[in-house]
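Number of protein chains: 2
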Amino acid sequence: MSVVFADGFVTAGVRAGISSVEGKKDVALVVNQGPLDVAAGVFTSNRFAAAPVQYSRERIKSGHAKAVVINSGGANACTGDAGYQQVLDTAEHAADTLSQGITADDVLVASTGLIGELLPLDAVFRGVDLAAKELANDSSAGCCAAEAIMTTDTKPKTVEITGNGFKMGGMVKGSGMIAPQLATMICVITTDAVVTPQLAQNALRKATEKSFDRIDVDGCMSTNDTVLLLASGASGVEPDNAEFEKLVAEACTRLARQIIGDGEGSSHDIKIEVNGAETEDAALACARAVASSNLLKCAIYGNDPNWGRVVSSLGTVPSAVAAFDPRDVTVDINGIRVCDEGKPGQPRELVTMDEREVDIIIDLHTGMNETATVWTDDLTLDYVHINADYES
Amino acid sequence: MSVVFADGFVTAGVRAGISSVEGKKDVALVVNQGPLDVAAGVFTSNRFAAAPVQYSRERIKSGHAKAVVINSGGANACTGDAGYQQVLDTAEHAADTLSQGITADDVLVASTGLIGELLPLDAVFRGVDLAAKELANDSSAGCCAAEAIMTTDTKPKTVEITGNGFKMGGMVKGSGMIAPQLATMICVITTDAVVTPQLAQNALRKATEKSFDRIDVDGCMSTNDTVLLLASGASGVEPDNAEFEKLVAEACTRLARQIIGDGEGSSHDIKIEVNGAETEDAALACARAVASSNLLKCAIYGNDPNWGRVVSSLGTVPSAVAAFDPRDVTVDINGIRVCDEGKPGQPRELVTMDEREVDIIIDLHTGMNETATVWTDDLTLDYVHINADYES
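As you go down the protein sequences, you meet chains A and B in turn.
Residues in the first sequence are numbered consecutively from 1, following the working numbering.
Residues in the second sequence are numbered consecutively from 1, following the working numbering.
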C-alpha cells in the first residue's frame, strides 16, 4: 500500500523513458487530496545539493504541499541554472496537469540518478501526464510508485503502520551512496493524522536523526537525499504528539533498515552497537568509525569475525570525541566475546556468521551507559561490480 | 641497497617461521654501526597502538638507538601486558645476540600482521639469531630486509638518495590499511649524515606530514604504523638543515608513492590535487574527502571519469572547514575539464584512462591559491578478494 495506506492520498508510478534501463518505471506522482496539505522535509547537507533539493527545501518552508513528482534515471545535480529551470518547469507542468486548485508552489520535486546531466524534460512531462491519469489509492498504485523511484535497488521498500485512529505509510529508495547524514535516498511518508506543520517537521527531523542518519552503506553522501512527510488529516484524528513522533520514527527506522537489507551487492547487514559511552555523541562517533572500515566490511563478506579491524577503527576516534581506555574495551560478534579488555577473548572460531545479520556489540566500559547503533553492509565483489559498471 | 645505501649500517632479512606464508622472510634486523646512534620516529596515533609501537615510541624519546628488529606475520597489537613483555624480551634477546655494547634500551621493535595474537616468541628469537649472523651492507642484504617486512605487498619498496657528501636510503612496507595519519606501514630510513636527534626528529615529522600522511589506500588507520630515521654520522658530513630536511622529505615521498603503486589489488594510482583553496588545511580536507569515496574509487576502476562522485564527495566538507562556492568549482580528469563552474564541462568521453595514473585536479577558485595533494588507489575486485580472504 506504501504511500496510499493512509487515507487522502493517490499515487502512480509509470514508465516515461528517462531511465536507460529498458521498461524501468521512472516517474512517480504522489498527491495529497486533503483536507489538510501539511508537508515537512529533511534534505541532504551536501553543498552540491541537486536542483530539486534546492527547490523543494525552499518550498517546504511554507509547511504545505499538495503533490510530489519524483523521477529516477537522472539526478539533475550539478546542472546549474538550466537544471533549476527544469525543476520549475516540472512543478508548473504538474500543477497544470493536476489542476484541482494545485499551483506550482504546491508541488515538490525529487530526482535520483546520474549527477551532471540535465533531464530529458519532455520525458518528465510525459511521465507526469501518464501518472496523472493513473492516480489511484490501491496497493497496485502504491507498489508502482515505490518501483518508479528505484535505481540500483533490487526491490521496492515500503512501510505501513496503524496508529490510534490514524494511519501512516511510506516508500523509500536507496541502495548505494548511503551514508551518515542521509544517503542517496528519496523517501515519502504519508499520514492521515491531523497535525500541524511544526509537529510534522519536528517529528521528521527527530526520526531521521535516529534512522536514516544512522545507516552507512558506503560512506558516500548524496547530492539528492530527500525525506518528505505529507499529512492529509483525512482520518480526522489529532494524535498525541508523542505517539505521532513515535510512529514517524518507526516508519523511518523500518525503511532505513530495508535500505541496509538491499545495500548494493551486500551479503551481510552489520549492526554496530556501541554501549558504555559517556555520551550518545561519543557512542555514535565510535559506531560510525567502525561502520566506515572497508577492511572490516571485506572481512565480514568473507565471514571472518576479524575484531582487530573493529578495534583498529575504534582507535582512530580522538580522545576528545570519545573518552575510553583501550584496555577496558570489549567486542562481541554474534554473541561471542572475541575481544575482552582490549585483548583476545574467546576463540573467534566460535563465531558463526551464516545469517545475513551480523551483530557487533562494543562496550567502552567508561562507567556511563550511553549508547548508539549504526547499520552498515559488507563490502562485496558485487558492490565493486555495480559501481565500476554503473553508467557514466 | 635500501637501508645500507648509507654508510655505517648493516642489515639482514631472514625466514624465521612467524609468517604462515610458506618460505616468506619475516624478520629484518637493521644495525647502526656509528659512530653516531641518532634515531627519530613517528608512530600511529591509533589509540589501540600495538605493543611494539608503545615500546619504541617511549625508547625513541632519548634520540638514540642502535638496532631495529622488525617482524612480519604478526602485529602484536591488542595483546595486553603479555604482548608488551614479548617486545621487552625481543629487545633483550637482540641486545644479547648483537653484543658490541648494545643494550636492550638501544633496540627498537616494529611488527606487522594480524591484530590480536601473541607472537611465536621462539620464532622471533630464532629470526634475530639468524639475522645477526647474516648482517651485511651489500644490496642483497638490503633487499632481503625489505622483503622480510612485507605482508600483502607484492614487491619490496626501497629508496636511495645522494646528498651533498652524504647518503640516505630506506625501505617501507605497506599495501592495505593505508590511510591519513600514516598507514599499516613500517619504514626505516638511514643516513650517514651527521645530525642531531632534534634535527632528525623535526625533519622526519615534517616529511611524514607531507608524504605518508597524504596517502590513503582504504581509509583504515593501523595500530602499528612506524617510521624510523637512523643516522650513523659515518660520512662525517654535517649537512645544511634545509638540505637534510629536503632529502628526508624526498625519501618519504618516494616511498609513500611506492605504497600507492602497490596498493592492495589496485589498478590505478589516483592523484587528487586541490588548488585555489583559502588555506592548505582546507585544500587537504577537500582532497581527503574525495580520496575516501568508495564510489569514486570503483568508478576509476571501471575507467569511468565520474566527476559527479568527485563533487558529491567535495560537497560533504563543511563550509567551516573549507570555504568555497560550488558554482565556482572546476574538475579536470587527466587534463579534460569535465566539470566547469559546478556544471558539466567538456564531454567525459574525451577522458582517456589507459594509464595507471589518474590525475584529478580540483580548483575551488576561492581567489586564494593554497593547495594540497593526496594519493589513493582505486577500489577493485582484487581488493575485496584480498581482504575477504586474509587469514582471520
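Treat the hints with care, as some may be off.
Any copy, or any two copies together, can satisfy a pair, since identical chains are not distinguished.
The calculated DSBU-like cross-link candidates involving lysine-lysine, where the alpha carbons are at most 35 Å apart (straight line), are [stated by the list, open to error]:
hint	residue 1	residue 2
1	LYS133	LYS210
2	LYS210	LYS343
3	LYS343	LYS246
4	LYS133	LYS271
5	LYS155	LYS133
6	LYS61	LYS343
None of these hints come from the bench; they were simulated from the model.
The structure displayed is predicted, hence computed values, not measured ones.
Status of the hints after comparison with the structure:
1. LYS133 to LYS210: Neither: 37 Å inside a chain and 61 Å across chains, both beyond 35 Å.
2. LYS210 to LYS343: both (32 Å within a copy, 34 Å between copies)
3. LYS343 to LYS246: Close neither inside one copy (40 Å) nor across copies (41 Å); limit 35 Å.
4. LYS133 to LYS271: neither (43 Å within a copy, 51 Å between copies)
5. LYS155 to LYS133: within (25 Å within a copy, 64 Å between copies)
6. LYS61 to LYS343: between (52 Å within a copy, 27 Å between copies)
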